[in-house]
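Participant: Following the hints, position chain B against chain A.
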Amino acid sequence: MLHLKSKWLALLGGALIATGSAFAQDSGPLIDILVKKGIVTDQEAEELRVDLVKDFVANTSAGKLNLSSSISELKFSGDLRMRYEYNAQVPELATGAAAVANETSRQRFRLRFNTDVLLQKGFSAGFALETGQGSDSANQTFTGAADDYGVFVAKAYIGWSPNLNWAFVLGKQKNIMYTTDLRWDADINPQGASEIYKSFLTGKDTFEVRAMQHAMQDNNEQVTGAAHRDAWLFEQQAVYTHWFGKDNLSSLIVAAGYSAYNQSVIPTGALNSAAFIGTVRAQNYGTFAGEANLANVNGAGTAFKFYWDSSYNFEASNRAYQVYGLNPALFSKGASAWLAGVGYSYGTGKVMGDYSLKLDYRSVGVAAVDPNMNDSDWGFSKTNQKGFKLALSYNLTDFANFNVTYFDTQIIQHGMTFSLGNLDKSHEVLVDLVVKF
Amino acid sequence: MKKLILLLAALTAVASASAQKLVIKGSDTLGAKLVPTLAEEYKAKNPGVSFEIAAEGSTTGIAAIIDGTAQIGMSSRRAKPTEVSAASAKGVTMKPTIVAFDGIAIIVNAASPITGLTKRQVEQIFAGDITDWSAVGGTPGAISIYTRNTSSGTYSDFKDLAMKKRDYASSSQKMAGNEQIVSEVAKNPSGIGYVGLAYTTEPGIKVIPVDGSRPSKESVLAKKYPYARPTFYYTNGEPTGEAAKFVDFTLSDAGQKIVSRIGFVPIR
Chain A
1 MLHLKSKWLA
11 LLGGALIATG
21 SAFAQDSGPL
31 IDILVKKGIV
41 TDQEAEELRV
51 DLVKDFVANT
61 SAGKLNLSSS
71 ISELKFSGDL
81 RMRYEYNAQV
91 PELATGAAAV
101 ANETSRQRFR
111 LRFNTDVLLQ
121 KGFSAGFALE
131 TGQGSDSANQ
141 TFTGAADDYG
151 VFVAKAYIGW
161 SPNLNWAFVL
171 GKQKNIMYTT
181 DLRWDADINP
191 QGASEIYKSF
201 LTGKDTFEVR
211 AMQHAMQDNN
221 EQVTGAAHRD
231 AWLFEQQAVY
241 THWFGKDNLS
251 SLIVAAGYSA
261 YNQSVIPTGA
271 LNSAAFIGTV
281 RAQNYGTFAG
291 EANLANVNGA
301 GTAFKFYWDS
311 SYNFEASNRA
321 YQVYGLNPAL
331 FSKGASAWLA
341 GVGYSYGTGK
351 VMGDYSLKLD
361 YRSVGVAAVD
371 PNMNDSDWGF
381 SKTNQKGFKL
391 ALSYNLTDFA
401 NFNVTYFDTQ
411 IIQHGMTFSL
421 GNLDKSHEVL
431 VDLVVKF
Chain B
1 MKKLILLLAA
11 LTAVASASAQ
21 KLVIKGSDTL
31 GAKLVPTLAE
41 EYKAKNPGVS
51 FEIAAEGSTT
61 GIAAIIDGTA
71 QIGMSSRRAK
81 PTEVSAASAK
91 GVTMKPTIVA
101 FDGIAIIVNA
111 ASPITGLTKR
121 QVEQIFAGDI
131 TDWSAVGGTP
141 GAISIYTRNT
151 SSGTYSDFKD
161 LAMKKRDYAS
171 SSQKMAGNEQ
181 IVSEVAKNPS
191 GIGYVGLAYT
201 TEPGIKVIPV
211 DGSRPSKESV
221 LAKKYPYARP
231 TFYYTNGEPT
241 GEAAKFVDFT
251 LSDAGQKIVS
261 RIGFVPIR
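Chains A and B, in that order, give the protein sequences. 372 is the number that the working numbering gives to position 372 of the first sequence; each next residue is one higher, with no gaps. 87 is the number that the working numbering gives to position 87 of the second sequence; each next residue is one higher, with no gaps.
FYI, nobody ran anything at the bench for these hints, they're computed from the structure. Some hints could be false.
[Said to hold, decoys possible] Take a look, some chain A residues computed to stay more than 10 angstroms from chain B by CB distance:
{"id": "1", "residue": "V35"}
{"id": "2", "residue": "P91"}
{"id": "3", "residue": "T104"}
{"id": "4", "residue": "S251"}
{"id": "5", "residue": "A282"}
{"id": "6", "residue": "F306"}
{"id": "7", "residue": "F402"}
{"id": "8", "residue": "K425"}
[As the list claims (entries may be wrong)] EDC-like cross-link-like pairs, simulated, lysine to aspartate or glutamate; straight-line CA separation at most 16 angstroms:
{"id": "9", "chain 1": "B", "residue 1": "K223", "chain 2": "A", "residue 2": "D32"}
{"id": "10", "chain 1": "B", "residue 1": "K95", "chain 2": "A", "residue 2": "E221"}
{"id": "11", "chain 1": "B", "residue 1": "K95", "chain 2": "A", "residue 2": "E315"}
{"id": "12", "chain 1": "B", "residue 1": "K95", "chain 2": "B", "residue 2": "D248"}
{"id": "13", "chain 1": "B", "residue 1": "K80", "chain 2": "A", "residue 2": "D51"}
Glycine is no exception: its CB is placed at the ideal position from the N, C-alpha and C atoms.
Chain B on its own, in the form it takes in the complex:
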């Protein structure tokens, strides 16, 4: 009898532990560094909670909320009308919560002589109108463009913010994440790319001011940096249970300190 009670107690404990699992999917910008760090801190304070974090792009995070395969969808872009419509059709209410601000930084190789670009030049470079560095005061040579892939929120945000919704140059190379872009630009003296603020301190690259403005906490919060954007958690309506607690933790002073430490701009 004692053994049976122990077995039942063990099973209950396992079931309880599995009920504390938080599934978070979506943005690589948020999911590569910030959210795992928040999760570790949260776990330290809440030992019974486990996390499953998949950072494969904002589109996958929003889709996961619509499909009900995650409690929190990370996104570095706003949900599109078609996504809101698809969610409504399934009885899902898309609820955005701003968790941090970000500035999409333009990066070039650390050895590049480029010291600044205008918004027009950025648009022309990424759209393929300008293909040689000499056209913008650089060392003559073909420009190698690195962008995020199409499932990335940063990919579409950059088109909206910097390219007047134009298509990327056909020669642009699509990378899976911010770190891959940093890695390629650091290796390629002719490279240019864009990354979230959290990735701008990596070696081998440098951040280029746009219209004289650098991405920083101040310029992003003041909305003076042209490529500033909010980043989101999406939930199905108001979050509940463990998801609500994790959202609250992210928005708390402790959570926002982590936001700042990782390189994002806190919401206050």
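Next comes chain A alone, as it looks inside the complex:
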């Protein structure tokens, strides 16, 4: 035990230990100053350091952790969502067929847990666990006479960012593309490789080139023909961001991109809502998206947003008539999809009392987006739909949100028997309580 040789040292030792062991971790500079001022000797300081460390490792949870020295930051995070859902999907029926109500009311939950690690030399790694297996939803419905639920790996990645300009990621990862749920469901974590090059043009402008190679399906190479190839999505995007206005709080983002699939197939087994099982060919999309954010339009902390997204399939004709089998004499190819929305918010969504309201209208041609990737709630990821989405979010506390979302869609081209495009109309209401940790 430390032999206290002076009242100063007794006071210091007692104060440091009594004020909490976390403080012990930061007390080195303070001890150094006391040594420099001659209040404690070097030897007394060393003994005090050891006592503080011993106290830290013995009496705190953090002191008992033994983390690799290669870790510069370890972050645990996640959220738990309780949801009430009502939806109605009304398919278009042949003349004289019996009406179908097709209503669903259910209670659901979603648990997500993320572990992200920053390592030395610009490396990072992480994984995420969640309660659903389908890539477009981690929800589980309370059912099965109180059976338990599975946990799945939603992300597992290794990243490397050698400097501020470059970032590379391998594995199942967060989508790096700038997009909306017109084309990409926010729950879908692509898998494969991604690269970002970011150029800082001025203090108010950045230009990024983003690319992603998304391994959608591992197929059997022994089978001949297109079915033997692994299915890949290749997406590239240029993103320009400009900050402006007072304190540069307002921003404009413009993103143009191109995505293409190789000649392959998605076989049975895809779990997404309205997944398309079959060939991924004839999908070459040009995309254009962006947003304008105007800060403090109605007082401090308020913001108005206008956002848009669009997609055009350059091979929509082949997709609609050859892959989906539609009759060109009866139906247009439905090559384009677009979304336009407005939003108003107060705060950043991280503090009690913050709120946001968003409303968008969109139209999705039958061959305009990949139905395996688009939002699973709006029209249940079916195409040949038009309609809107209204979303309200309110922060009950800094860590808990109350959200209400309403979707309403209608068919664009009537008379399709093709299942992906025959949804006459749909409605969905989601009421969520989300706790973030």
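Facilitator: Below, chain B alone, put in the same frame as chain A:
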């Protein structure tokens, strides 16, 4: 009967001699020159004592105290929290005793035109941000960096003191001891490295001031030299027996004179 008594006496003497063996492991900075010299002097005054000294880095010295394979662990750095924790788990109390102060000197080849560096430049060179001597006023050419290996206390101390805990440049070459660094820098006109004060008088190298401050007894004791540090003996609690006597000898006036003679800074 006489033979039996003699044999017993001989065995007792051997056993007694082996009980006087002092095992000291750890820092190359302390164990290459200073502690062997102290041991020789101590042996001269205490003929029955023998020493086993292994200088393979501070990490091995602290580990030896935790494992109980040495009575004294030499270290040129403080024990890490994980080491203190591991020691506590085994019922070992890490007791540091400052035996000398040291300044980590920046050395370059004697023929180098460099006459001084800033702390920022030192950090940038050893972290790999600066790779050519021309960036710091030297003769154009790639910088060859020599550092200690990862078991060395000086290796981690230098990262803390000089590099804001950043990683060394991937091109840096890891050397087993101070003498190896001196040897390589003396041969390489583009070389730079760091060594303890005790190694700064070797031929073929020169010490570079950092922010205008040279490592010296005065600048180290006054804590004005930026890369000054204490060096330690670690023991399991208060040292006892022969280990206590050797620690006392090291801290005595006679011991501290040896500290000074070898090139370290005495504690008083």
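Participant: If a hint holds in the structure, say so; if it doesn't, say that too.
Facilitator: How the hints compare with the structure:
| no. | hint | verdict |
| --- | --- | --- |
| 1 | V35 | violated, 8 angstroms |
| 2 | P91 | holds, 60 angstroms |
| 3 | T104 | holds, 54 angstroms |
| 4 | S251 | holds, 32 angstroms |
| 5 | A282 | holds, 47 angstroms |
| 6 | F306 | holds, 43 angstroms |
| 7 | F402 | holds, 43 angstroms |
| 8 | K425 | holds, 60 angstroms |
| 9 | B/K223 to A/D32 | holds, 10 angstroms |
| 10 | B/K95 to A/E221 | violated, 64 angstroms |
| 11 | B/K95 to A/E315 | violated, 75 angstroms |
| 12 | B/K95 to B/D248 | holds, 14 angstroms |
| 13 | B/K80 to A/D51 | holds, 12 angstroms |
The structure does not agree with the numbered hints 1, 10, 11 stated previously, though it agrees with the rest.
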